[in-house]
Amino acid sequence: MVELQLIDWIWIIGFILVMIAAGILFYRLGKRSESDFFLAGRGLPWWLPASSVYATHTATDTPMWVTGVIYRYGFAGIWYTFFAAWCAISAFVSTRIFRRSLAYTQAEWNTLRFGGLGAEMLRGWISGWQVFMNMFILGWVGIAMGKVCNYLFGWEIWVGLIVFSAICAVYVLAAGYWGVIMADFQQGVIAFFVIIVVSVWGIVAAGGPSGIVTKLGEMGQSWRLNPFAFTGWFSGDFPIAWFLTMMVIAVLGGFGMGTSIDWYAEAQRIQSAKSVRDASYSIWWGTALVLIRNSVWAVAVLAFFVLFPNIQNASEYEMGWFKLGFDYMPAGMVGFFFAAIIAIHLSTISTHLNLGAMYFTHDLYLHYFKPNATEKEIVWVGRVATFVLLIGSFFYGLMMEEITSWLIFALWLMAAGVWLPNVLQVVWWRFNAWGYLSSWIANLGMSWLVVWILPSFGIIPKLPDYQQFWLLMLLGAMVYIPVTFLTKPEKMEHLVKYYAMSRPIGWWGPVKKEAERLGLLTKIDVNSAEVKL
Amino acid sequence: MRLIKRNWKPGEADDWTKEDWYVIVLSPLNYILLTIGFGLSVLMLPIGFILLGAGIILTILMHWIIDPKLKAVSNEYEEKQHKYLEELEKKVRWEKENG
Numbered sequence: 001m002v003e004l005q006l007i008d009w010i011w012i013i014g015f016i017l018v019m020i021a022a023g024i025l026f027y028r029l030g031k032r033s034e035s036d037f038f039l040a041g042r043g044l045p046w047w048l049p050a051s052s053v054y055a056t057h058t059a060t061d062t063p064m065w066v067t068g069v070i071y072r073y074g075f076a077g078i079w080y081t082f083f084a085a086w087c088a089i090s091a092f093v094s095t096r097i098f099r100r101s102l103a104y105t106q107a108e109w110n111t112l113r114f115g116g117l118g119a120e121m122l123r124g125w126i127s128g129w130q131v132f133m134n135m136f137i138l139g140w141v142g143i144a145m146g147k148v149c150n151y152l153f154g155w156e157i158w159v160g161l162i163v164f165s166a167i168c169a170v171y172v173l174a175a176g177y178w179g180v181i182m183a184d185f186q187q188g189v190i191a192f193f194v195i196i197v198v199s200v201w202g203i204v205a206a207g208g209p210s211g212i213v214t215k216l217g218e219m220g221q222s223w224r225l226n227p228f229a230f231t232g233w234f235s236g237d238f239p240i241a242w243f244l245t246m247m248v249i250a251v252l253g254g255f256g257m258g259t260s261i262d263w264y265a266e267a268q269r270i271q272s273a274k275s276v277r278d279a280s281y282s283i284w285w286g287t288a289l290v291l292i293r294n295s296v297w298a299v300a301v302l303a304f305f306v307l308f309p310n311i312q313n314a315s316e317y318e319m320g321w322f323k324l325g326f327d328y329m330p331a332g333m334v335g336f337f338f339a340a341i342i343a344i345h346l347s348t349i350s351t352h353l354n355l356g357a358m359y360f361t362h363d364l365y366l367h368y369f370k371p372n373a374t375e376k377e378i379v380w381v382g383r384v385a386t387f388v389l390l391i392g393s394f395f396y397g398l399m400m401e402e403i404t405s406w407l408i409f410a411l412w413l414m415a416a417g418v419w420l421p422n423v424l425q426v427v428w429w430r431f432n433a434w435g436y437l438s439s440w441i442a443n444l445g446m447s448w449l450v451v452w453i454l455p456s457f458g459i460i461p462k463l464p465d466y467q468q469f470w471l472l473m474l475l476g477a478m479v480y481i482p483v484t485f486l487t488k489p490e491k492m493e494h495l496v497k498y499y500a501m502s503r504p505i506g507w508w509g510p511v512k513k514e515a516e517r518l519g520l521l522t523k524i525d526v527n528s529a530e531v532k533l
Numbered sequence: 001m002r003l004i005k006r007n008w009k010p011g012e013a014d015d016w017t018k019e020d021w022y023v024i025v026l027s028p029l030n031y032i033l034l035t036i037g038f039g040l041s042v043l044m045l046p047i048g049f050i051l052l053g054a055g056i057i058l059t060i061l062m063h064w065i066i067d068p069k070l071k072a073v074s075n076e077y078e079e080k081q082h083k084y085l086e087e088l089e090k091k092v093r094w095e096k097e098n099g
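Note that the protein sequences, when read in sequence, are chains A and B. Going by this note's numbering, the first sequence opens with residue 1, and the numbers climb by one from there. Going by this note's numbering, the second sequence opens with residue 1, and the numbers climb by one from there.
Chain A extracted, bound-state conformation (with noise of 0.2 Å):
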């Protein structure tokens, strides 16, 4: 348990109060318009969402399963991570796609994309499911703060998912996304400083960097700094194929928009930068920083693993960077480090705010319900949006427990059947809406057979995960597939507008030769028919 001294206090006291200050400071910009409470008003240079790129990535628990995976599986642990490098590609061809757009959202990216009912559906379909995983993701992020102020202080749970959600409400509510990109600036410096300043803190303690090498060689664990140290080809629980379908997930994700769950808080970055060079530099620097501060965790989890190699628990290693940071910082320190525990909280907790809100205001009530809402209307239905995803997460928080094999579940849908049709939505003009609901659909059936009704009637064996991966993909395609070729595709004036607004890779040449045609792609000018939607 630890203890907080005055000075302490006054570090946590004093944080809390310049991160509100931050937010509310731009109270008067957030409430001018529906662009300025949602994408501060599209005119952010590239290292402002950068850093929120990086706040927003760096929560309370991702530091406990950094921790579990590098204590487990030694450096290699790192690649576990490395699903966020699905921006290396995305920063130069998706995001550079969506930016030109200027969806606000994905929901209304896809009515951009494809037309008519099917359109419709997606986008009711896609908000609808924003705005309910926002709410998961504040509920899961605010029970892990919970259960740090409960290792640290004993505190019940539910006292660390609402005090500190409720706090960073204040600006969230007040200025909207103004407040949330200018809280993160200065949440993910803070978060950064103290990251290093206690990953160093904990290699010192363990020996220093040669002490950490030398001491992994003595107890027979030096495979622990091999980044390649798998367990086969596909034996054991750290396979090299798992490796590559990884990589294949991550690196080649970053041709389609929304192979990644991060994808649709980028997004909104992306549309808040102020220019396609701004975001596309944005999405990249962003997560550079959030990989190398990822290693960075990785070698003081090795410190942490020479101090205290044989803990069997998961739940028990998985806080081993909380322990390096309150065990061995000097006194005086330790407020100073949970200032900066609220700060990686906070950021998180506001961007999943701003975003739902978004999702439900402008998708749905927008929309569908007021289409001739005044800016003033949407920016007070924003409020109320952000206010009911707060009360949402603390139910979802509490019930937690409960739901979480259900939850991971649900978002491994996200990940598998329906990972190549959204890279096929922005790479292949054929593929239609019809195509790409009923990947979500047959995805929704084969996830459960698949995963867990098949194998509990021993028809298949339970697969790992990555196998899993493979079969939806295969099972998906074989409903999708068939599905695009038998319905019409999208009609090509619609096609045509999105090609000449958006300019997409891939596989256009039938849309690229009407654009051609219609003399669509040859020069600027704002008032000719050639940039009309």
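Please note that the accuracy of each hint is not assured.
As the list claims (entries may be wrong) - Which chain B residues face chain A? A few, computed with CB under 7 Å, are given here:
| hint | residue |
| --- | --- |
| 1 | 27 |
| 2 | 36 |
| 3 | 71 |
| 4 | 93 |
Unchecked claim - Examples of chain A residues lying across from chain B (beta carbon under 8 Å, computed):
| hint | residue |
| --- | --- |
| 5 | 235 |
| 6 | 280 |
| 7 | 501 |
| 8 | 503 |
Treat the hints as calculated values from the structure; they're not laboratory data. The C-beta atom is built at its ideal place from N, Cα and C for all residues, glycine as well.
Please build the complex by placing chain B on the supplied structure of chain A, with the hints as guidance.
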């Protein structure tokens, strides 16, 4: 034909060219080199410094290749953006498009 084009006229940069493909290959490689290289460098292992150095050089090269093109894409696109936004607003609010 030059291996890497760095002067882009308006309109040219909208097409996907070999410069984009160089970056599509380099970018994931840079992430791998920076991730492993940084971690192993913190451990003071020589291979770490080599990988990190390679990652930094290739990251600079990547930006050298793509930055002129991204600037050209951005400059041209921003001239159209205002008109596109107006049309998008109509679509969200179910207004009829003219013409």
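Legend entry - Structure versus earlier hints - violations, ascending order: Of the numbered hints given earlier, the structure breaks just one, which is hint 5.
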